[in-house]
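Going line by line, the protein sequences match chains A and B.
Residues 1 to 307 in our numbering are what the first sequence lists, from first letter to last.
Residues 1 to 412 in our numbering are what the second sequence lists, from first letter to last.
Don't take each hint at face value.
A few chain B positions that, by computed beta-carbon distances, are all more than 10 Å from chain A [as the list claims (entries may be wrong)]:
no.	residue
1	M231
2	A383
3	L387
Heads up, incomplete: computed chain A residues facing chain B, CB under 10 Å, no partners named [said to hold, decoys possible]:
no.	residue
4	N45
5	D87
6	H261
7	V264
Over the 10 Å line for every Cβ pair with chain A, so calculated as not near, a few chain B residues [what the hints assert, rightly or not]:
no.	residue
8	Y25
9	S59
10	E91
11	T140
12	L161
13	Y175
14	V214
15	Q228
16	S243
17	W260
18	V277
19	R284
20	E307
21	S382
22	L401
Quick caveat, the hints were computed from the structure, so don't treat them as lab data.
Glycine residues also receive a C-beta, built at the ideal position from the N, C-alpha and C atoms.
Now for the letters of each chain:
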Amino acid sequence: MTRREIYTSIQQIPREEPLAGGTGLCGGCGGLLGLRLFHKALGANVVFVNAAGCLTLLTTFPYSPFRASWLYTAMASAPAGAQGIRDALDVLIARGTLAADEDLAVVVVSGDGAAGGIGLQATLAAIHRGLDFYYYCYDNEGFANTGFQMSPATPYGSRTATTPPGAAAPAGTTARKQDLFALWRAQRPAFVATVSPAHPLDLMDKVARARRLRGPKLFLSFAACAPGWGIEPARSVEVARLAVECGIWPVKEERDGAVVHTVVPHRRRPVEEYLRGQARYRHLFEPVRQDEVLRRLQADVDAYWAA
Amino acid sequence: MSATVDLLSGNRAAAWGARLADVDYVPAYPITPQTEIIETLAHWIGRGEMPARLVTLDSEHAMLTAAGAAAATGARVFTATSSQGLLYALEMLYAVAGWRVPLVLVNVSRALAAPITLEPDHNDVLAARDAGFLQLHAETCQEVLDSVLMAYRLAEHPDVLLPALVNLDGFHLSYTREPVAIPDPAAVRAFLPPYAPTHARFAASHAMAQGVAVLGSSAYAFFKYQMQRAMEAALDAHAAIASELGERFGRRYGATEGAWLDDAEHVIVMSNSFTTVGRAAVARLRQRGEKIGLLRLRLLRPFPHAEIAARLAGRRAVAVVDQNLSVGKGGILFAEVASALRDRAAPPLLSYVGGLGGRRFRDQELEQIAAALHVAEREGGSAEPRLLFTADEYAAVRDLLRIARGGEEAPR
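So that you can see chain B by itself, here it is in the shape it has in the complex (with noise of 0.2 Å):
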């Protein structure tokens, strides 16, 4: 087994994943930050360096179309999107996932209008999260690379058939150059052999119907319990894949990841690439003493409720801090996270709201949420989501209207 290692930026470990897929067919539709992806697959193959077809579609919605009919058809298929794209493909999300057809879609991590803006935060992909996609969510370009490479093998065995999302942050990743492995393309095919779909497709030998209507709701309800249990599944081929990938590239991956939590009394919990500046603080923290520890949520669909519970039983106290705004409810990874706690003897828990639109957390912040862990472990913890703002932020706003003005004070 070797590898090369180069500076890789995450759209282009994204790329890269799918070139070692083998992939046999990229539908497109550009947006920022993900046009990279599509970019360096485009170049490698006009170059004829990778033997897939490119075709360039109209929308977003119709690109996850034609990925699906590829996919339906026997081809490994491979896209990639972001933000209002996602939301724009997202009743085919639904109908490819009804399809039971495994590709892999990659989103890159951007903040929804209104108002439009290129910063990340996780309201996109987040929104895609009852779909029937299975949601990996990425920390670094290496996991990214190695993400898309599980994706595959998970979306395509034969317990789940069920297509596979790969997240990673707008601009936090997709333009942060990293050093990445880039395994073999011999090793790779040994752990993701070229894809031999056994399920039905479309070729004149074998007639299918397929995404067809149900009339009556015992069929319907058949069809998505199946998909419920495909993903119920997906956890343990997920913990296999994990597990082999670890034996033969050693990179090991969890559908949780924890750091410092052996003897943690106090646990903040993160996703994504934030994950990097949550851990920076955790570690100053550490080195004042304080028994913190992190807990990054890496596989959110399915979502591992036993393994979360476990992680999190027996602490003294659990913030949950969100990059999304489900509006008039809070941090959406707070309620989910607070759903698997349900059967223990759960922790004080509180939501913090934060990373909007690329919003950077400060250390203080961080800082702040350890010390109001102390508090909710003496007093109680609680569902209100404390939106973090600073009066710095408000001044700061409030600058952009008087400028807008023409220097009158706005209006409070």
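In isolation and in its complexed conformation, chain A is listed as follows (with noise of 0.2 Å):
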């Protein structure tokens, strides 16, 4: 565990709100809340760059709630979109043509969707090309925006609309989830993080260190998703609280070439606290515990911990 350098108390966070309320996503989204405390360590001077997604709405003509710059590419190509912007504003500043506090930070706004599959050639290409961007990925575990659909981030035993369970697979989601921060930790970026909303200081902790470092650098954000998920909107930050007390959502980074938690649970408590209240996973308690399914859920999460 690592010690917090900037953000130490809730009383450093600013007030100042880089982006509006009253937008049009659902109450309770947790890809907002990660969105919002990242772009308050961001600073204002940011160009975010979107694949299509839930957060794709945040900007409909001819409003904005954001005081930055915007650019929707498309659902595959996001992270070109940030090469584009990036290469353009060094050249014209080298050029003399942009004066250099001209200068943005591209960020790349996803969600697992697009970070983990139609948008994944991009995205380990320019971290190929080293980069200097962020990649905020809100992780709801599914194609959120479109009903609930599974994508490659979905979880082992989730019911989404494209994996129902049923006596074909009880289980409803039979892969596991794919491993993001792994797969953008084996190109060595800059910086790779997973963080969640209900840890706010570690999250722009690790954004304000991060801001020193040029490169590719990934946040990987817990997103509760309350209509996908079936929760209240409520329990939005609880439920993030409780994925990563259950171990579920290890929050932690790598620094010098190890994976460095930054929040350790203390007990770590049983899943089933976890999956308990969220109706994705209705089908493992009802009509008829799936104890095989739970078994093996709880089993990742000891493995993991484990290692």
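Mind docking these for me? Both chains are given alone in their own frames, and the hints should help you get the complex.
Given below as structure tokens:
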């Protein structure tokens, strides 16, 4: 566990909101909670490059909740859009046609479907080129803005619209969640971390430290999805905290080649406490309790923390 | 005004266009027969002869995204592709046209899979005709260079602000070397000043949201109609820019180009480099006393309806020779030309499809077209496409199959 360097007290979180309230997103959107904290820590001089997902609906003509800039690209190529903007800013500043203080931080914003699926090629290529950018992925573990279908980030045992539990597959989703953190890490980016809106100081501290680094920087953010997961919007942060306390969502970063957990649950709670209360896992408890699926879910978490 | 004349391939002429346009940024992805353009630019940039940044992307889809995003940031952007690459980027052609960013994309035409081939036809570039890119189609290497310069003037024109595509034929132009006048950089700068975007762009002092979602059809239609109006404005802008290029460099380009049209009773309509073959055939037919002429389509978007109608009005018969195939319909340019003639006393029209996958036109085929125009004059035209494919060609395919089967006769 690392000590926080910059954001050590809740009083340090700026009151200024770079992202206005009253957006069209769902109540309790975990992705938006995380992005708001991320943006506060990063500051105002930002251009967000977006791939299709829930957060695309933040900007709907002629409104934007951002004081910063925004470019919607396409689902497959937001990191390439970030490349074009970064390169253009660098070239124009170098040629003297743009003042240095006009520079912007370039941030890709995408959901887990674009990050781990259709956009993965463009993402891995941008990391390969060493592009100086941030990638903020709000991981709600499904294609949430199309009604909640399975994505590469959907965990084993979860119900989605395209993996409905039934006789053929009682667990619902039978594949294991893709490890985007590990996929990024394999390419040795400048910074790679998981964060959670339930731990705002950890999230913002990571952003503040990542600002010192040049190169690709991943922020993989836990993002509870009230309609997709079947939870009350008011429980969004509570569910995020449970995910950490049950060991389901390890809050971590890579430092000097090693994975460091920046929030460690003192006594891990059983995963059932996280799974209960989410409609997407209800089939594991009723009408018949699926002990084998629950055992495997707990075993996966135990194995992670034992490693 | 001084110019150097050099032997340049179409590809190198395109690269010279980008160099003289003083572009800032070249996102790249290789594809045959476009590669020589990017390799030439990489060579110049690597040697410090051209102050641009070249970045290799992971696909044409990413390449066009980077190109559009850089142009939206205020850079002058050039890139090039071909065939499958253009289709892979097609989603982003629509996106960057909607962003209203004036970049220039050179397409080196090559036929589309399947079957896969390296030879040219125009199904690639015509698949992109509805995206919102201006389209200039070149016949010669000189025209490639000049068209790149014109494309920037046109795309950056305040009444237009749309991306532009310059098309040249793979192999027949990309690798053919012709004497090309390379204008003096100072003279080019006077024609095409450094890019100074007046529209919003990404920078700290002026935030902008670009490519945003719209809810409801009114806003969507508003943006699309703006693009249509901009395209319409590009027709006049093109005429003015062509006239200025003519004054400065002595070379004049129209939206269409005619040959032997003054007294022509019959006209063959073509585009791109095969027009050169058509021109030679028409010259021979003229020597035999045929009153035949040729019309080359150069500006396909915006489509010069009025000019085409004026140039074809009153002819006794017209044949459109397409080097593309809309499967189940026929020639794409035939349909476009026919639509331009809708408002006038239209001459009888014939549709020919040939030159697919690089197939050369045969002299006797153009003579057969000329003969068919006499028949059409008497008996009327037809929208049915006539597919140019000879018994010899059919026999050659059957020979290939026979050899592949170890000498057995292929079933018919």
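Okay, the hints, checked on the actual structure:
1. No beta-carbon of chain A is positioned within 10 Å of the beta-carbon of B/M231; the least distance is around 21 Å.
2. Residue-level check passed: B/A383 sits 37 Å from the nearest beta carbon of chain A, beyond 10 Å.
3. Chain A leaves B/L387 outside its interface by the beta-carbon criterion, the shortest separation being 37 Å against a cut-off of 10 Å.
4. The interface hint given for A/N45 holds, since its Cβ lies 4 Å from the closest Cβ of chain B, which is under the 10 Å cut-off.
5. A least Cβ separation of about 6 Å between A/D87 and chain B falls short of the 10 Å threshold, and the interface hint therefore holds.
6. Violation of the interface hint for A/H261 is found here, the shortest Cβ-Cβ separation to chain B being roughly 33 Å, above the 10 Å cut-off.
7. At a threshold of 10 Å, the smallest CB-CB gap from A/V264 to chain B is about 37 Å, leaving the interface hint violated.
8. Its beta-carbon lying about 6 Å from the closest one in chain A, B/Y25 breaks the requirement of being farther than 10 Å from that chain.
9. Distance check for B/S59 against chain A: the nearest CB is about 7 Å away, which does not clear 10 Å, and the non-interface claim fails.
10. Against chain A, the non-interface label of B/E91 is violated: not every CB pair exceeds 10 Å, the least being about 6 Å.
11. Distance check for B/T140 against chain A: the nearest CB is about 32 Å away, which clears 10 Å, and the non-interface claim stands.
12. For B/L161, the shortest C-beta to C-beta distance to chain A comes to about 17 Å, beyond the 10 Å cut-off, and the non-interface label holds.
13. With a cut of 10 Å on Cβ distances, B/Y175 stays outside the contact zone with chain A, its closest approach being about 29 Å.
14. At the 10 Å boundary, the C-beta of B/V214 falls inside the reach of chain A, the nearest C-beta of that chain being 5 Å off.
15. Non-interface call for B/Q228 relative to chain A: holds, since the shortest CB-CB distance, roughly 18 Å, exceeds 10 Å.
16. Consistency note on B/S243: stated as away from chain A, and its beta-carbon is indeed over 10 Å from all of that chain's, at 29 Å minimum.
17. Every Cβ of chain A is farther than 10 Å from the Cβ of B/W260; the closest lies at roughly 47 Å, confirming the non-interface assignment.
18. At the 10 Å boundary, the C-beta of B/V277 stays outside the reach of chain A, the nearest C-beta of that chain being 39 Å off.
19. Every CB of chain A lies more than 10 Å from the CB of B/R284, the least distance being 50 Å, so the non-interface label holds.
20. The claim that B/E307 lies off the interface holds: its Cβ sits roughly 36 Å from the closest Cβ of chain A, which is beyond the 10 Å cut-off.
21. Listed as a non-interface residue, B/S382 keeps its Cβ farther than 10 Å from every Cβ of chain A; the least gap is roughly 42 Å.
22. With a cut of 10 Å on Cβ distances, B/L401 stays outside the contact zone with chain A, its closest approach being about 38 Å.
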